[in-house]
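Residue numbers (my numbering), protein chains in the order written: chain A, 1 to 243; chain B, 244 to 473; chain C, 474 to 716.
Think of the hints as simulated: they come from the structure by calculation, not from any bench. One thing to keep in mind: the hints can contain errors.
Okay, the calculated beta carbon distance ranges per label pair [to be verified]: (1) B:R468 - C:R597: 49 to 59 Å; (2) A:Y229 - B:G298: 22 to 32 Å; (3) C:R597 - B:G298: 51 to 61 Å; (4) C:E610 - A:P167: 15 to 25 Å; (5) A:E231 - C:A589: 44 to 54 Å; (6) A:L56 - C:D535: 52 to 62 Å; (7) A:I41 - B:C456: 21 to 31 Å; (8) B:N247 - A:V214: 46 to 56 Å; (9) B:V410 - A:L217: 19 to 29 Å; (10) A:I41 - C:A589: 31 to 41 Å; (11) A:Q102 - B:Q466: 41 to 51 Å.
Computed list of lysine-lysine pairs in PhoX-like fashion (alpha-carbon distance at most 25 Å, straight line) [said to hold, decoys possible]: (12) C:K675 - C:K708; (13) C:K708 - C:K694; (14) C:K590 - C:K606; (15) C:K543 - A:K59; (16) C:K590 - C:K601; (17) A:K101 - B:K432.
Values in this document were obtained by computation on a predicted structure and should not be read as measured data. For glycine and all other residues, C-beta sits at the position ideal for the given N, C-alpha and C.
Residue-level listing of the chains:
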Amino acid sequence: MSYNWNWSIFFEPAPGGTGTYFDMLLRGLWLTIQTGVFAWIIALVLGSIIGVLRTLPSKTAYWVGFAYVEFFRNMPLLVQLFLWFFVLPELLPRSWGLWLKQMPHAPFYTAAVGIGLFMSARVAVQLAAGIASLPRGQKQAATALGLTTFQAYRYVLLPIAFRIIMPPLTSEFLNTIKNTAVAITIGLIELTGQARSMQEFSFQVFEAFTAATVMYLLINIIVVTGMRYLERSLAIPGYITGK
Amino acid sequence: MFANFDFDVIRRSLGYLFLDGMTFTLTLTALSAVGGIIFGTLIALMRLSGFRLLGRIAGLYVDFMRSLPLVLVIFWFYFLVPYVGQWVTGASRPIAVGAFTSALVTFIMFEAAYFSEIMRAGIQSISKGQPAAANALGLTYAQTMRYVVLPQAFRNMLPVLLTQTIVLFQDTSLVYVLSMPDFLGAASKVAQRDGRLVEMYLFAAVVYFTISCAASFAVRRLQARISIVR
Amino acid sequence: MIEIRHVDKWYGPTFQALKACTTSVAKGEVVVVCGPSGSGKSTLIKCVNALEPFQGGEIILDGIKVNDPKTDLPKLRARVGMVFQHFELFPHLKIIENLCLAQEKVLGRSHDAAVAKAEMLLERVGLKEHARKYPAELSGGQQQRVAIARALAMDPIAMLFDEPTSALDPEMISEVLDVMVDLAREGMTMMVVTHEMGFARKVAHRVIFMDRGEIVEDAKKEEFFGSPRSDRAQKFLSKILSH
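Modelling step: build the complete structure from the supplied sequences, incorporating the hints.
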């Protein structure tokens, strides 16, 4: 290959005078993690609520959950981010729209909320499936003891369901982190974005992308290891969850 | 509240949006799905082949691809494919590769990792008695796979493969990062040119939503029909 | 104590699971409900604490109408113990926690009081040393005894048993029946769906025979085993007692 490798590029100062190219990538990595975690919290909270709605006996609750999931699942994430970033401020009353547009770190908040909403639909589907996989008698036993529906979910169904769906939740968490890269389209300079700008400034395209790739792999390894540890510490003796 | 908006811009650009943009998107989706499923099936067969090294390589490929954001992979291949082309053809300089080809290679390679997991589950779901029966009839490994195992695996997994294709259809919008003329790219170009972001992005959202919804509805019906037959 | 009057239940528009079922259980009475599978006996017992909704008739439990929309169902259910075919212990909670959960969350007992009560009951069903284990670490018979203790922990005014021994291996049936016999002899009001005719002979006051959603026979134990009036009950008895 007629490509001039230059691995020492990472230690050369990046334009803009804020450290080396390596520092630049690290800043991107940090922003990726921040956005991913913020989005994941939103996804977990909303996804849990919608997931529970989909399992309630009420028809209305089911349809609300169904419509929510279909809405966020049937549009590309990129388009959804555009809707929140470019379209929403124009549709709101003038002063609100202005406030949104002038908000500091708008790409960050838009990305976190947008990706969080997008992922919440997927969390909801996983959780609803987890709850549906529990024997019907569990809910009956809880209600027969006098627990309210809320208590039955809070103390019985959700603790078991979340343990069962731990493996798919791990990959949804990783998807959330990976999806933050889509936010470079609304100007969030996260890890992929920093690699891209490093490539534009230094022309060392493969070094930049290799570094970003290694960092994503590290995130994956850390998350998978951490979740496996969590899974093991939450495992119920003698009880085989799924798989 | 829509008083300031000009929805006629959509009508004026319909031809460009659909004849150029949507054609690009749908062709890319279809070819990537076919290529991804073929390549993905090969990876799945490697993983289940029993040759440890082969299985290990296939497993690493899948894990590697699934660890990376698609956007980064799109960038990777965009810059890498010209060099690979040079290496393959023995040319003296990196060869110029069209936007479509670059995107197609990217999506086939990327989605193959996801399709391979689906095919692997499909192959594993077939009872061990099936290949045993085929072997007992004297079929070779390749024949067993070709005529007995893979058709069943493919059939059982068809709804999942199609659902993944809908995801792929949505994912193709990410070629936007390389300013390619897919549907979203076309909509975006009109939006920038005419200063009509709200109208064009709302319209793009509606189009993606309608197509994805209709497709997943069709998949759900197919799934219901398959499960009745079985 | 339990009044069941003309109860009709439909599954969908075409299948009637219960047809005008009328019977009652007096205080301190033990009533065994038997019948072929699909006869509606489990459905009937689950209507008593409104785990299953029903469309016609009424059920009155200790003077409170179960199918009155104004009835506080969790409160009512807390006063009736229920034991399920598949035990339905909560797999993520230790045995002692299974016994304490509803005591604390529904009855509002202090943790210490709940634990004391739980330990007393575990002692009684012979499982005190298993208090810190998880359900999956116990045998089926042990789990069902825990389930009985869990129901008793709520100080119920009556107990409902839904085929409590039919999911058990044969060698474990007697340990569960022994606990139930003791309970009956102490004067607990019990409604028991079971095929264990030995248990019925030993402690039941009345036997109800159901078939195809109807109460075909409702007689004193002696009459029922002496000479069932209906053909269907005779056939059923001969099948069940022939081996």
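How the hints compare with the structure:
Between B:R468 and C:R597 the beta carbons are some 55 Å apart, a value that agrees with the proposed interval 49 to 59 Å. At about 27 Å, the beta-carbon gap between A:Y229 and B:G298 stays in the expected band of 22 to 32 Å. Checked against the hint of 51 to 61 Å, the pair C:R597 and B:G298 passes, with Cβ atoms roughly 56 Å apart. Distance hint check for C:E610 and A:P167: the Cβ-Cβ separation is about 23 Å, which falls inside the suggested range of 15 to 25 Å.
Separation of A:E231 from C:A589 is about 34 Å and departs from the stated range, judged on CB atoms against 44 to 54 Å. Between A:L56 and C:D535 the CB atoms are about 29 Å apart, so this pair departs from the stated range of 52 to 62 Å. Checked against the given bound of 21 to 31 Å, the beta carbons of A:I41 and B:C456, roughly 28 Å apart, stay inside it. One distance hint, 46 to 56 Å for the beta-carbon pair B:N247 and A:V214, holds here, with the actual separation near 48 Å.
The hint said 19 to 29 Å for the Cβ distance between B:V410 and A:L217, and at roughly 22 Å that hint holds. Checking the proposed 31 to 41 Å range against A:I41 and C:A589 shows it holds: the Cβ atoms sit about 40 Å from each other. Evaluation of the 41 to 51 Å hint for A:Q102 and B:Q466 yields a pass: the beta carbon distance comes to about 48 Å. At roughly 22 Å between alpha-carbon atoms, C:K675 and C:K708 fall within 25 Å of each other, so this suggested pair holds.
For the hint pairing C:K708 with C:K694, the CA-to-CA distance comes to about 17 Å; that is within 25 Å, so the pair holds. Distance hint between C:K590 and C:K606 is fulfilled; the C-alpha atoms sit about 17 Å from each other, no more than 25 Å. Between C:K543 and A:K59 the CA atoms are separated by roughly 21 Å; this keeps the pair inside 25 Å, and the hint holds. Of the pairs offered as hints, the one joining C:K590 and C:K601 holds, with about 12 Å between alpha carbons and a cut-off of 25 Å not exceeded.
Between A:K101 and B:K432 the CA atoms are separated by roughly 22 Å; this keeps the pair inside 25 Å, and the hint holds.
Checked against the numbered hints listed earlier, the structure breaks hints 5, 6; every other hint is satisfied.
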